[in-house]
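Residues per chain, in single letters:
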Amino acid sequence: MQGAAREELRPQIDEEVLRKVAEIAGRWKGRPDMLIPVLHEVQEVAGNGIPKEVAKTVSEAMGVPLAQIYSVQTFYSFFSKEPRGKILIRLCKTAPCHIKGTKRILEAFERALGIQAGETTEDGLFTLETCECIGACDVSPAALVDDTVYGHLTEEKVVELVQALRERADLDGGA
Amino acid sequence: MEETRVVLDKAGEFLPTSARAYEAVGGYTGLRKALADPDQIVEIIKASGLRGRGGAGFPTGLKMSFTKAAAADHKYVVCNADEGEPGTNKDRVIMEEVPHRLIEGMIIAALAVGADQGYIYLRAEYPHVKKVLEKALEDARQHGFLGTDILGSGFAFDIQLFIGAGAYVCGEETALLDSLEGKRGEPRVKPPYPGVAGLWGKPTLVNNVETLANLPAIMEHGPKWYRRLGTERFPGTKLFTLSGNITNPGVYEFPVGVTIRQLFEEVGGGCPNGKRLYAIQTGGASGNIIPASLLDTPLDPESCDGVGATFGAGDLMFMDETCCLLDVLENLTEFFVKESCGKCCPCREGNPQLLHLVRKFRHGTAQEGDLDLLVELGKAMTVGCLCGLGQMAPNPILSVVRFFPQVFAVNNAYAREVS
Chain A
1 MQGAAREELR PQIDEEVLRK VAEIAGRWKG RPDMLIPVLH EVQEVAGNGI
51 PKEVAKTVSE AMGVPLAQIY SVQTFYSFFS KEPRGKILIR LCKTAPCHIK
101 GTKRILEAFE RALGIQAGET TEDGLFTLET CECIGACDVS PAALVDDTVY
151 GHLTEEKVVE LVQALRERAD LDGGA
Chain B
1 MEETRVVLDK AGEFLPTSAR AYEAVGGYTG LRKALADPDQ IVEIIKASGL
51 RGRGGAGFPT GLKMSFTKAA AADHKYVVCN ADEGEPGTNK DRVIMEEVPH
101 RLIEGMIIAA LAVGADQGYI YLRAEYPHVK KVLEKALEDA RQHGFLGTDI
151 LGSGFAFDIQ LFIGAGAYVC GEETALLDSL EGKRGEPRVK PPYPGVAGLW
201 GKPTLVNNVE TLANLPAIME HGPKWYRRLG TERFPGTKLF TLSGNITNPG
251 VYEFPVGVTI RQLFEEVGGG CPNGKRLYAI QTGGASGNII PASLLDTPLD
301 PESCDGVGAT FGAGDLMFMD ETCCLLDVLE NLTEFFVKES CGKCCPCREG
351 NPQLLHLVRK FRHGTAQEGD LDLLVELGKA MTVGCLCGLG QMAPNPILSV
401 VRFFPQVFAV NNAYAREVS
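If you read the sequences in order, they're chains A and B.
Each residue of the first sequence is one higher than the last, beginning at 1 in my numbering.
Each residue of the second sequence is one higher than the last, beginning at 1 in my numbering.
Keep in mind the hints are simulated off the structure, nothing from the lab.
Careful, some of the hints might be misleading.
What the hints assert, rightly or not - Label pairs and their in silico Cβ distance ranges:
1) Glu160/A to Glu13/B: 32 to 38 Å
2) Asp147/A to Pro291/B: 36 to 42 Å
3) Leu373/B to Glu122/A: 44 to 50 Å
4) Lys135/B to Gln163/A: 27 to 33 Å
All C-beta atoms, glycine included, are put in the ideal place defined by N, C-alpha and C.
Could you put together the complete structure from these sequences and hints?
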């Protein structure tokens with residue numbers, strides 16, 4: 001399975017999504033200090049990313065220049081310019097995890113998902129990212145999957161985890 | 001070896017998010033004492049000798065006194081919960097297990113300096129902690145610990161939770177404030193210091209989670225009691241994070257001055273699988289890497305400075321004999337390249353050059369003069385960078401040059417072999 005180019009995921013941004021985005025951002029018109037919380041919320045409804053049309057909508061609804069939004073969204077690693085998979089796997093690659101074998105764990109994730117770090121599975125279900133310290137050094141090597149930390153990872157556990165996440169997504173109605 | 005728990009006192013023995021449950025184990029007693037005589041708080045904290053637990057070790061009472069003395073229509077207390085230093089997760093444990101102790105500490109700090117609004121800047125990497133804090137804050141409000149009339153005293157203060165978005169540099173207090181204002185988190189030029197001109201230009205007390213969580217016990221038991229623990233110049237306990245090649249990784253609370261050996265052997269259980277300890281990174285990713293021969297160093301800033309270790313936020317990453325230090329240095333320097341905000345040139349351009357040189361040694365292609373260049377650049381960054389990120393990024397490299405010079409031998413056959 002090849003990793004889907006993020007470009008192909010773009011049609012997800014439809015009128016309905018942009019309407020929701022405008023509603024969220026519109027609540028904070030004239031409050032540029034609320035840009036980061038707004039981007040978090042907007043990103044969730046816009047397929048885990050903030051593509052240009054979404055950023056433009058935020059800009060108009062909040063009265064914040066588009067350049068300011070671009071400057072902020074590209075600064076922070078939790079924001080993406082492109083839509084990502086439904087489930088975000090962030091594997092920590094910083095020193096305490098690195099010396100406990102993150103490299104092998106990353107390869108195990110890449111094999112189990114059929115994609116490289118930074119890519120999204122064709123079905124749009126998973127995006128695999130490497131990230132800096134997630135503060136789980138007591139259970140390294142560790143990954144943050146959406147809101148949950150999975151620690152003491154081994155190659156076997158990665159296979160089981162991906163399997164379990166797929167099954168859960170199937171129960172929830174698929175990607 | 002038994003822990004000495006002050007900040008983590010009774011942790012795990014009650015429902016963390018419940019204000020009532022926290023009260024039942026003695027919680028909010030310090031706040032009640034503080035409310036009885038708010039004007040004395042700064043003096044009490046000064047007398048306790050409490051110093052910041054985020055890494056810099058600045059005297060907390062003195063920091064409070066700047067904000068207290070500043071006149072303004074609004075003042076803020078900001079809790080730095082952007083625990084981004086690799087190898088550190090002690091603030092996470094405090095927020096997960098005793099969130100009300102942090103809330104109580106923030107209210108005491110607000111009373112001390114006259115602040116009317118508080119913020120907890122929580123890193124985005126802790127979504128699980130966000131849920132705990134939201135519940136605890138709501139419960140504190142419902143029970144009158146936050147709001148317009150705290151415990152009937154007439155004092156008004158509330159705390160807002162703000163979620164970062166993934167940037168190591170936001171742990172630097174002025175970068176954190178810019179981020180709170182909705183901008184890129186880039187450090188400001190100091191002075192002015194946040195204590196006088198911080199969030200939206202108003203006097204702002206910025207403290208680390210652990211520092212704030214120390215305030216309730218000091219108010220409850222007094223400075224004399226507090227000074228029984230720790231060292232003369234750094235009283236109290238400290239939460240230490242043990243990570244890397246260690247049998248029992250985790251967060252443990254001990255009086256400041258405990259030795260690395262005690263934590264490594266008696267608490268951590270040594271390296272797994274009978275491996276020999278080779279090196280220890282002290283004070284997180286930006287701290288010094290020291291050899292196993294310095295295991296008997298007491299963990300307090302003065303002793304650490306004396307031998308070339310870093311006290312920092314109390315982090316110890318253990319590396320066994322299978323570790324390749326050049327591989328570790330490459331990983332650490334990649335981290336700083338990625339996390340440099342780009343505002344100042346020595347950090348933005350210096351880190352990629354450090355990485356380039358480290359890789360040359362790692363791949364066995366380094367030449368005569370490269371080591372001098374590496375050290376010269378590292379030292380230049382230490383003095384030339386705008387904030388702690390760039391100033392401390394060369395620490396791991398410079399300390400390895402000092403303690404493990406053989407690693408940097410030109411035409412290092414070992415380096416070629418492992419790369």
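Verification of the hints:
no. : hint                             : in the structure
1   : Glu160/A to Glu13/B: 32 to 38 Å  : holds (33 Å)
2   : Asp147/A to Pro291/B: 36 to 42 Å : holds (40 Å)
3   : Leu373/B to Glu122/A: 44 to 50 Å : holds (47 Å)
4   : Lys135/B to Gln163/A: 27 to 33 Å : holds (32 Å)
Going down the numbered hints, you'll see the structure goes against none, and every one checks out.
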